[in-house]
Structures are given as C-alpha cells and as structure tokens.
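Residue numbers (numbering that gives the first Met the number 0), protein chains in the order written: chain G, 0 to 277; chain B, 0 to 277; chain A, 0 to 277; chain F, 0 to 277.
Among the hints, erroneous ones may be present.
Copies of the same chain look alike in the list, so a pair counts if it fits in one copy or across any two.
Claimed, not checked - Only pairs whose alpha carbons sit at most 30 Å apart, straight line, appear in this in silico DSSO-like list of lysine-lysine:
1) Lys80 with Lys56
2) Lys74 with Lys43
3) Lys232 with Lys147
4) Lys56 with Lys89
5) Lys13 with Lys232
6) Lys39 with Lys232
7) Lys39 with Lys79
8) Lys125 with Lys13
No lab work stands behind these hints, which were simulated from the structure alone.
Treat the numbers as computed from the prediction; the structure is a model and nothing was measured.
Read off the chains here:
4 protein chains.
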Amino acid sequence: MSQYRVLIDANDEKGLVHKVSSIFYNYNLNILSNSEFVDKESNKFFMRSVVDGDVDKKELITALEDILPETASVKVIEPKKKNIILMVTKELHALGDILIRHEAGELDANILAVISNYDKLESLVKKFDIPYLSISHENLERAQHESKIIEAINNFEDVDYIVLAKYMRILTPHFVEEFAGKIINIHHSFLPAFIGANPYKQAYDRGVKIIGATAHFVNNNLDEGPIIAQDVKHINHAYSWQDMQKLGRDVEKVVLSRALKLALEDRIFVYANKTVIF
Amino acid sequence: MSQYRVLIDANDEKGLVHKVSSIFYNYNLNILSNSEFVDKESNKFFMRSVVDGDVDKKELITALEDILPETASVKVIEPKKKNIILMVTKELHALGDILIRHEAGELDANILAVISNYDKLESLVKKFDIPYLSISHENLERAQHESKIIEAINNFEDVDYIVLAKYMRILTPHFVEEFAGKIINIHHSFLPAFIGANPYKQAYDRGVKIIGATAHFVNNNLDEGPIIAQDVKHINHAYSWQDMQKLGRDVEKVVLSRALKLALEDRIFVYANKTVIF
Amino acid sequence: MSQYRVLIDANDEKGLVHKVSSIFYNYNLNILSNSEFVDKESNKFFMRSVVDGDVDKKELITALEDILPETASVKVIEPKKKNIILMVTKELHALGDILIRHEAGELDANILAVISNYDKLESLVKKFDIPYLSISHENLERAQHESKIIEAINNFEDVDYIVLAKYMRILTPHFVEEFAGKIINIHHSFLPAFIGANPYKQAYDRGVKIIGATAHFVNNNLDEGPIIAQDVKHINHAYSWQDMQKLGRDVEKVVLSRALKLALEDRIFVYANKTVIF
Amino acid sequence: MSQYRVLIDANDEKGLVHKVSSIFYNYNLNILSNSEFVDKESNKFFMRSVVDGDVDKKELITALEDILPETASVKVIEPKKKNIILMVTKELHALGDILIRHEAGELDANILAVISNYDKLESLVKKFDIPYLSISHENLERAQHESKIIEAINNFEDVDYIVLAKYMRILTPHFVEEFAGKIINIHHSFLPAFIGANPYKQAYDRGVKIIGATAHFVNNNLDEGPIIAQDVKHINHAYSWQDMQKLGRDVEKVVLSRALKLALEDRIFVYANKTVIF
C-alpha cells in the first residue's frame, strides 16, 4: 500500500474530474482528500488528491497522462521528507522558529545546511547539529559571491527548497533561475507595500495601523514572486519603528513557517504569478 | 441551460466522486465548482457541486440516487431567492445590517416579514416596505405566544429560513421542531463560553481580552446547535461591559450576515451537531 | 457640572503633565480618563483628558494656555452631537452602515445631508428623513461641479465632518483646502497598496492572500492623508476580484464607521501626516 | 541618571495624577511614558510611568508614599533582567519559542533553569547551556513531588517568574501560594471555554470555527487566574482535532511569549482576578 499526492493542472474542459476519478476508481485507490479549483479568468483547472492503494507510481502517471488532455501537467508525489537549505544573514527569529519546529518533528524536512554571508548565527545552528556554511560576501562581486553559494548548494543532492529566512542580499536573476520555483522568501512587509529598505521605517512614517509580512516564491525580483502566505498585526501610534520591527518579526516567522509547511506538503500550485493552495 | 447546486452526503466508500462525476459527464454538465470532504472520524462523505447544462432536475436526482449507495442524501437546488423571516426583540444592529444588505442586493432572499415581541423596530422596518408583525408576549404563556408566532409564520408559504436577529426569548422544543433545520441564531458570545444572561458582563468580570459572537442553527437548545460562523475582537482592560457590548454588536451583525449568506447559497451541511461549509 | 474633553499638544518638555494636572486640580475637576503620548522622534507631546466639574470653558482654556508653553495647542470641547455631511456615489454599503448606526443612536452626530453626484441612493436616504442633494457632475467641469457642492455644504452651519462614504470622484486641492482637516475618506484598499482604480482587480492580479481598507483624513491627495483606521480580511485563490470586492465592502464599512466614531468622540490628533488616537 | 518604572495603584480620588506628577516634577524627572486607568466599577486608579533622572529609588518611593493616600501601593522598579524558571512536561513548542527569543536577546530575562517531570526535553535545553532539572513524579504523591520542585526552585535566589510552558500537571494550592503572583501559565484553550482534558477534542466535537489560547497568572485554580493575553485562529470543518492541536500550538507559543514579555516589562497590574496592562 502506497500513499500518493496527485497534483494535476490543465486548461479547463468538461470531464476532467470524471477522467481523473475514473483512473483512481479503476486502480482501486482510496481518495483520502480531494480539492479542485477552476480559475475562470484564465480557464485553468487545478486538482490535488491524496490517494492510497496498491499501484506503481509510474503506471499511475502514465494512466493519468493518457486520459488527460495534452495541456495537463501531472505530478505524483510520495510523501517523504524534503531536503531544504536555509539561507540567513544575521537575524535569528525566522531561522530559530524553523529549527525549533524541525526539532519538534513538525516539519517533514531534512535541513541539509544553513548558509549565511555572516558567521553570527553559527553557534545557534551548530547546537542543532546542522552544517553552517559561512560564505562571506566581503571583497567579492555579487556574481562571485553567488557562484560560491550556488556551488555550495549544488554540493547537496536533491535540494527541494531553498528558504530565505531573512537573507538580506538581493539575488541575481541567474541565481533565481538556477533554482527556479524552489526559493521561498519572507518579505518584511505586507506586499505590495513598502518595497525596499527598512519597510518598518516607511510604515512608521506613513502612520499605518497595521503591519504584516509576506512569504512568496522568488522569481525574477526579490519581492515580486507568487504569494504563498500573508499575515498582519494591528499597531497604534505608540509603536516606534523599532517596536514595529520587533512585532513584525513575530509575523514574519509565523508566515514563513506556514509557507514552508504548505510547500513541504505539496499543497501549492503556481501559475500567472499567483498560487493556488489546497 | 439550467444551473444547479448539487449537495450529496453519504457514508464514505470508494468511488463516490467517480460515480457522481460520471453522471455529470454523461449528462454533459459543466462543473463550475466542486468541493468534497470526508470526515474520517464519522466516515461521512460530503460533496457540493455547482453545475450547468441541459438536464431536468428530477432526472438528475434520480440518476444520482440510482448510482449512489442507499445511505446517500441527494439535493439538487436551483439558485433562486430564498424566503426568510426575521425575528427580533429591541436591538436593531443585526436587523439593520440585514436590511441594508437586502437593499444593496447582496442577499439572495425575500424578507417575507419581521416578527417581534415589541413594536420598537416597526418604524425602521416599515421604511423598507417589509411587513412588521408585532406579537407581544405580555400576558401570554410561552406556549400561547409561540403558537401565535408559529401561526404567523405558517401564513407564509415556503419559508426557507427563520433568522433570529437578536430575538431575546427562549424558544421551546416545540417551536424548534416545527421549523427544524431552518432557524439561524446569533449568540451574543463566543460559544461555548458564557452561556446565559448578560454574557458581556460575565466576560467583563472574567477579564477576558477577546470577545466574540457565534451564528448557529438552533436545535433543542437556544445556544447549542451546529455552529455556522464565529468571529472575535480584541479588547483590553479599558472596556467597560457596555463598551464590550457595543463592540460585540459589530461582531454579531457581521457573523450573522455571513452565516445567512452561507445558508442562502446552500453551502452548509449539518451533521453530528456540526457543520461542513463549502 | 460640565464635562469637557481637553486636547493638548505641544513640543515636549519636562513638567507638562504636572502643569496640566495642576490646573485640573486647582479647578477641582475630576479626571474621568486621561491619555498621554510623547513621540520621541518628533519631540511632540499629546494629551487627552476627559474631566468634569464646575468651571467655565473659556476660563479653563485661558488657565491652560497661561501655564503651557507657546507651542501648545489647547482645545476644550463639550461633548455634543457633531454635524456631519455624507458624500456618496452609487454604492450603499458604507452609507447604509452609517444610517443604521445613526438610527440605533450609536453615532453622536446629526446627519445634515447626503450629497451625491447620482440620484441612485436617494430613495434609501429619504427613508431616514435625511435631505439628499443630488448634484450631477454631468456636463460640468470639475471646478464647477465642486463649486456647487461647496455651496451646498456651506449652506449648512457648523459642519464638523464631511464623510466620503464611497464618493468616487477625485477632489481638487481647492475643495480639500476649503474643508481642511474635516474630510474623512474610506479607501478601498489596504494603504499604501494598490493606489488607483479598481484596487481589487490589482490585488487579484497580484494574488494577495489578504485584502483591507483604510479610513483616513483627506489632505492634498485623495489616498494619502493621515490614516485613522485600517482592517483586513484573509482571502484565498478561490476569490474572484468581484468576491474580493464584496468582502472588501464589509471591511470598508466597518473601518469607516470606526474612524467616524473616533472623530465624533474627539479622540484623534493629526500631525506629520499621521494620527495619534486615544 | 537612572531609569525607573513607577507603578501605582490606589482607590481613586481627585488629584492623584497631580500629586504623582508633582513629585516627578520636583525631583526633576523626565516622564518617558505615562499611562493611567480608572476602573469606575471598582473605583480603582492605576498608573504606570517610566521616568529618568537623578534620584535615589528609596527617596522616590518615600516621597510618593508620603503624598499619596494610604490605600496606595507604590512600586519603583529599575529595569533589569528578571530571573525566570520554566516548567515543562513533554511538548517543546512553547519552551522552544522562549529559548529562541532568549537567544535572540528579545527577553529581558535570565533563564535560571528548566524543570520538568520528564527528561524528554533535556537535550534541547542543554543545547542552550541552561540547567535542566528532571524531577519525575513517578511513585511520588503529588505533595511529595511538588515539595521537590519547590525545593529546587528555592535553591535559586530572586526568582521573579515561574513560567508554565506546557507543564501538564495540576498544581496544588500550596504550590500556588508559595509563589503567589509569580506563576504564568499558558492554557490550551480559549478561556473560559473547554476547561479540562483535551480541549481540542472538545472543541472539535463542538464544531467550533475558532480556536485559541490564554496566558494567565495562576491563582487557586490552574485555569482560572487573571488573564494576561489571548489570541485565536480561524479553523474549518476540515481540521481534525489533531490539526487543531497543531495550529493551537502556534497560538499557545505566541500568546505565552507575549504574556511573559509584558510581565518582564512590569506592564501588568492584577486586581479582582483581572489584569490592567499598560
């Protein structure tokens, strides 16, 4: 008996649910959970099913692809620990939350390494017996620095996600392309607001009554990929921008961990710079 | 071309989605949206599909019932305005919110009448050209008073829902049974807390930092039916219980209107004193 | 016995609380509530006290001004109904919420009139026996249209606030200046995001997971004055932009009514394009 | 130059703010922040001021006590790290959050030790070089077990707070009395709901749409002391009680850490089984 997460997207047309459920039925699979969504604007169909039964993975993929239209993308994933690499700079709140969740067995992931451009968080990471790679950017051009990081990442096999847990350097399109669809970032602001440096100071100057954070996939631009999760906190005039930053950290760590959990459970579809999350 | 909301629940077994989607496919129906849920604890399957196409309603029901197991309940509903009766006492916030939404065209409902045990809200209701039935409880025993209300309600045909928009009298099991599954109440507290009179005073005395409200179907007990919607607001020590009550009204009206909307859109399944909401 | 709201702001210096409380003490006034805040960044002091006792208003102002530094601004306000004018276009959710709250006695305000550039909401407003001034912008240049509105407003005496309850026309600097500090707007987005037309479509396209609304004073730019209140709702991929707009209306009306209430209770200080709210 | 947190409560009477601010003025103290609250129901006055200047602590206390009525309680506290002891059983989410915040320098506290009735969390705690005292309750009567814990705690000097970070044993009145006003607990439910074992199962059975957590001081009863902080999360029918428990942990850890921070900053007054928090 195996359990599979089946993820299908396709241009919408009549009968897709019928076709997929026929395959499940014919292979005598139990549907443990099933979610569908049709985006009418783009005419896209999304379906995520968790099934169990006695079927070979490749056979199931072939059967589904045979019956579905050519536009369909079919993924069949066995639930298992995914391999992740964390990238950080100097702040430890987001990293710490992930390390503690990992320790608590909440995250279905192996943390292969933590990579940083500083050595400040090394002692914390070492406590958890996780490799810490300090790759300083000093005296290096951006491309050189990134090459070193890319090399370090590629020394690991089967990296599923790279989590920017407050990695404060801008990534080049080259880096992003190298790990396309695998990079999750926590943005220190309620996107699409206050893009750029010190968003808390900007929010303070604007006198906002709510602050937030956004976890998103990184595509060509550090702050502009598909949004996975967002949350906010109410504030008032008595908050200095430093207070806002402190409170913001609580939002950031919760939102990033939630986004990571969704990714590890294969719950996210990405399309049109947006996400469908089941 | 007709549009239908198809609501199915059944004891869970393999192939239910397949069977239902086969029927849709065979009748050449488009699935506009589709949601499923299996409650593993009770082994219950729930499915709500919105479909359109060219099929007779009775034929569709028969086709579904023929293919589904005997435990299945099948409803096929044409989207149209539902008939509702509002019951109130003296407070106008929840009533007012419904009247304004109705006026704005947000609610897919005909308000047949507002029934109250006082005449206090008559002038407001009359502004909206809605019948106001003032049925005083004074000098009447509870059973007598309820008989009059039941009679008034039954003078209307096809009443879909009775909305207790701050109706502050306890209903007898007889009344509840008469309109089983049709009565929606807004409870002035975050269930299951502070059951009884003046919950805001109780919450104040307990020093809570959050207050809330709960919309639910009424079954045998005014405060204990299946919960449809809940929401909360944060408060602090500076709130008197009167302040809490004022703020509470804002939660109450929003939660009741949301619950009513879910009911009008046939999104709620009830079972085991709980709701499944798609 | 009179009750006063005393609002003081000044450049911060040692002894301000002492000086103010001395005056209250010397005049034998009870302090019913008292709030202070010092913005260290701008070195500004804010204080709002509610006091009661037997003192002449002018005498109290003079006493406070005599003891406070020259930079101080002193306001002593007797709680009473403020005069407000509502401006709307075609949507009735925000207007309706205010009308119902007014009817419920929740707002300490006289609604002098509702002004609109359309007659669509006239029948609703008339139900509440409130004058409805339909001032069409058709065939008029912006300045001409605004002149008519300004004239209409100035026909009323002692207008305290002009509430833009979804008034969808841009106001000129001239109009804003005419009623400086008196105009409250509800912005259909979580400022500072998605400025401009159809922010819900923009938010949809960006794939946000939270939407919001912002109530603010209007200064030189429709969307950029000091923020009074904000709130948000969580959404997901299944929301079309029309769904987002519908849900957004619920946020808008709640946030606008909250901001209006704060203004009516004289709880807002404005400075540096921000608000301090006690 | 010293900084002090001045906390005063007293039966309310005219002139209290004046008297306190006179002392601050006479001693040439800067008021960095100042908050007051009068509970009209119980006629109690609360004031918390942060001041800096050049004055001896004892002299300041004496001066305040001399001028204030006999009912007044005056505390003058120098901001410094407080000494805390954490008590846990087997779950690490709340403990982990505190350890990480401590590591990040967010908490103004020395963690003297972690005490547990199991050794399960020892390896985590040891990573942070914090003493872990495993005091098993096996084969011990409750009183004996508590005696050992009390002895262990009393081996440390100047313990300011004992934080029950998911300590799952009921404490006797004797224990609570021994550390009266110093014990902070996180309750795995939205008080006052679902008191007792497995509240998530109870909440699940009740079909609630919101879950929450409550941090509170412990008095005579594990779940009934003055509430410090509460928060909630929205859920739906798809949450099993295990899912609710997982999500609940996120609320628990955030709420407990917030409550601890408020305590460490001397922001909490306790009276009438409630808290005033500035």
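Do the hints match the structure? See the list:
no., hint, in the structure
1, Lys80 with Lys56, "within (18 Å within a copy, 48 Å between copies)"
2, Lys74 with Lys43, "both (16 Å within a copy, 28 Å between copies)"
3, Lys232 with Lys147, "neither (38 Å within a copy, 42 Å between copies)"
4, Lys56 with Lys89, "neither (43 Å within a copy, 38 Å between copies)"
5, Lys13 with Lys232, "neither (43 Å within a copy, 33 Å between copies)"
6, Lys39 with Lys232, "between (32 Å within a copy, 23 Å between copies)"
7, Lys39 with Lys79, "between (33 Å within a copy, 22 Å between copies)"
8, Lys125 with Lys13, "neither (54 Å within a copy, 48 Å between copies)"
In this structure, the hints that do not hold are numbers 3, 4, 5 and 8, in rising order.
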